[in-house]
Amino acid sequence: MSSRNAVVVGGNRTPFVKAGGKYAAASAQDLMTAALDGLVARFGLSGQRVDEVVGGAVLKHTRDFNLTRESVLGSALSPLSPACDLQQACCTGLEAVVYVSNKIRLGQAQVGIAGGVDSASDAPIVVTEPLRKALLALSRARSLPEKLAALAKIRPGDLTPVPPAVIEPRTGLSMGESQALTTKKWGISRAEQDALSLASHQSLAKAWDDGFFDDLVTPYLRVAKDAILRPDTTMEALGRLRPVFGKGEGASMTAGNSTALTDGAAVVLLAEEEEAKRRGWPVLAKVVDAQVAAADYVNGSDDLLLAPAAALPVLLERNNLSLGDFDFYEFHEAFASTVLATLKSLEQAGVGTVDRARLNVAGSSLATGHPFAATGARIVATLAKLLAEKGPGSRGLISICAAGGQGLVAILEA
Amino acid sequence: MGRDVRSLSAPPDTSKLLLKGLTGSIRKRGGTVSALPERSYLLLDQRQDLARLAAYDAVCGFTLRDEVAPTWLHVLTFPLQAALMAEDDFPFSLAGLVHVSNQMTLHRPVSVGEVLRLRVWAENLQPHAKGAAFDMRGEIHVGDELVWEGSSNYLASGVKMAGEPVKAERLVAPGVEPSQLWRLPANQGRRYAAVSGDANPIHLSPVTARLFGFPRPIIHGMWTHARALAAFGGRLPSAYRVSVQFAKPILLPGKVGFVSEPRGDGWGFAVVNREGKPHLVGELVAGAESA
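Protein chains in written order, with this note's numbering: chain A, 2 to 415; chain B, 614 to 904.
Bound-form chain A, shown alone (with noise of 0.2 Å):
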């Protein structure tokens, strides 16, 4: 293998809403403009190409086919800079991270930026299977009688809407019914949730606190701050909700141990090490390794959301580490009990344990809000500054969980 490392040079992201909220206006292709002009203002990248921009948004309209790249023309970077769009749902972010640094490690890019953007508040509205047959038949008829054949085809029925949902679609479970089922066979209690969400509202409000967004978030239409946060949460508070997933008494899952829909976006600029130290730019960690897998939901065997588990034991071989090897560990809170049954998992199958008190210490997606593709490029930026501030050689490990089945894990160093 060749010498070149691909590190993260820094990161930014707006702040982070609930759906329906203060970026209810804005387009997916507009938070995604946002977060790539902040951090074109933070390294002096105006009028800049760059090798190539990588993002992504799982809720999407057709019109934003070439999404990434018609936010590239939209930003001060230089049109030049070559833009795909990937789709992992929620490891949309994590994965365009690992394409562009495979890029650079491959000597096919110097430098580039990777990110994603959901907007939960512009989502597609899609029409009737048989209204949108009877609009396309509409379209291509020629003659009068075509078209009023066309149009005889709709029944009233057909022109109700069809509103997003997080539907799995071959178990037709939402995505909260599923982990309802993964939290009941892990036997993950509802003090255990609360607490892990409690952990990451009380870490996200020191983090910014202490002033850790000041490089990585850039305010957006008067939002300047996470504002799904809640500072002064408790468990009295969170014990108090209602649940929202899973059935009957043991039903555990509630909006306060559920992430939010939320809108978003998040982009980080990574480039060769050596590049990055020609244009003086900070080296936070490197982009040390990856692994993705797939677990097999559909007929029950699996859990939905926990393939990172078996992407975990991948990784660590590979890369001769065990899982105590890690200064910091950011596993994505989907839900609190994905985390709490991840790490169960581990643990009964023989991988061993987390130290609780390195897990998501500047708090994570419980707290601030998860924009599905957004969240993997926040994770980078946020475990990259981690890293950077703990100093050379300290190690971080990544797991996010998604739609699908799927997981991506990946290994951050400095």
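Hints may be right or wrong, so weigh each one.
[As the list claims (entries may be wrong)] Heads up, simulated DSSO-like pairs for lysine-lysine below, C-alpha to C-alpha not over 30 Å straight-line:
id : chain 1 : residue 1 : chain 2 : residue 2
1  : A       : Lys61     : B       : Lys773
2  : A       : Lys19     : A       : Lys248
3  : A       : Lys345    : A       : Lys391
4  : A       : Lys148    : B       : Lys868
5  : A       : Lys287    : A       : Lys391
6  : A       : Lys207    : A       : Lys61
[Stated by the list, open to error] Here's a subset of chain B near chain A, in silico, CB distances under 8 Å, partners left out:
id : residue
7  : Leu663
8  : Ala664
9  : Ala667
10 : Thr676
11 : Leu677
12 : Asp679
13 : Gly726
14 : Gly847
These are computed hints drawn from the structure, not numbers from a lab.
A virtual CB, placed ideally from N, CA and C, is assigned to each residue, including glycine.
Here the structure of chain A is known, so what remains is to put chain B in place on it, guided by the hints.
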């Protein structure tokens, strides 16, 4: 300078003012003019409406960002322009006015979160070959800092004014092929009226446009101006001076081309019809020297 300064705490209702300005055509017809009222309108502590900005950006093709377009700042001054023109002692009726050209200077990026102080006044009344011309001037401050200046040059046709007509300098359209095609739907005038507050009937519907002598509704010149700036996407400088001349109205619905070429530290641009004849010619110069 002995000006009458009228300070407002909220923007006046433009639809009422427009009506008054337009009906003024009955009272303020023809005649000889010699001076403009010594009056300026001041709007204090204006917060910007985010939802309206988002709608404005969408209609004009801008990305919704914290730094607002200078044409948006112009839109914020529009109610004051309308108030000034609707005054009984303002010598011209709105119906007889033609927006000939526009200049604005963005001295520094202005954020949507900033609270603005707006001032508008009319000045520079001059004889014109077809009547009289004057400038509607605007200034926007944030605190003590001048952040935006605008000047809208209007022609009042059919009025008489003593003196030698002044010739205006003509901007030159780039001699290149259009790189963009814009499709303007029939309701584009209503869409822009909704976000700009300029509901002049010539922009709204075929019937109302015909009342004022247009075969079809025409799009607002300031939409065309805004759309032209939006056409530069992320390449707009952080501070600049932009001038446009309105050559020929764009009838709705319609298709027009956009041409541009780099000129020194800025751009020359034009919005042209199928034959390449300009509807609007403009020039943008980076930097922020005074307008």
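Here's how the hints hold up against the structure:
1. Lys61(A) <-> Lys773(B): With Cα atoms ~59 Å apart, Lys61(A) and Lys773(B) exceed 30 Å; violated.
2. Lys19(A) <-> Lys248(A): holds (26 Å)
3. Lys345(A) <-> Lys391(A): Distance ~27 Å between Lys345(A) and Lys391(A) Cα, so the pair holds.
4. Lys148(A) <-> Lys868(B): holds (26 Å)
5. Lys287(A) <-> Lys391(A): holds (14 Å)
6. Lys207(A) <-> Lys61(A): Violated, at roughly 34 Å.
7. Leu663: Given a least distance of 6 Å, the restraint on Leu663(B) holds.
8. Ala664: The hint holds - Ala664(B) has a Cβ within 8 Å of chain A, the shortest such distance being about 6 Å.
9. Ala667: holds (3 Å)
10. Thr676: holds (4 Å)
11. Leu677: holds (4 Å)
12. Asp679: For Asp679(B), the interface hint holds, since the closest Cβ of chain A sits about 6 Å away, which is under 8 Å.
13. Gly726: Where the cut-off is 8 Å and the nearest Cβ of chain A is about 5 Å from Gly726(B), the hint holds.
14. Gly847: Holds, because the Cβ-Cβ distance from Gly847(B) to chain A comes to roughly 4 Å (cut-off 8 Å).
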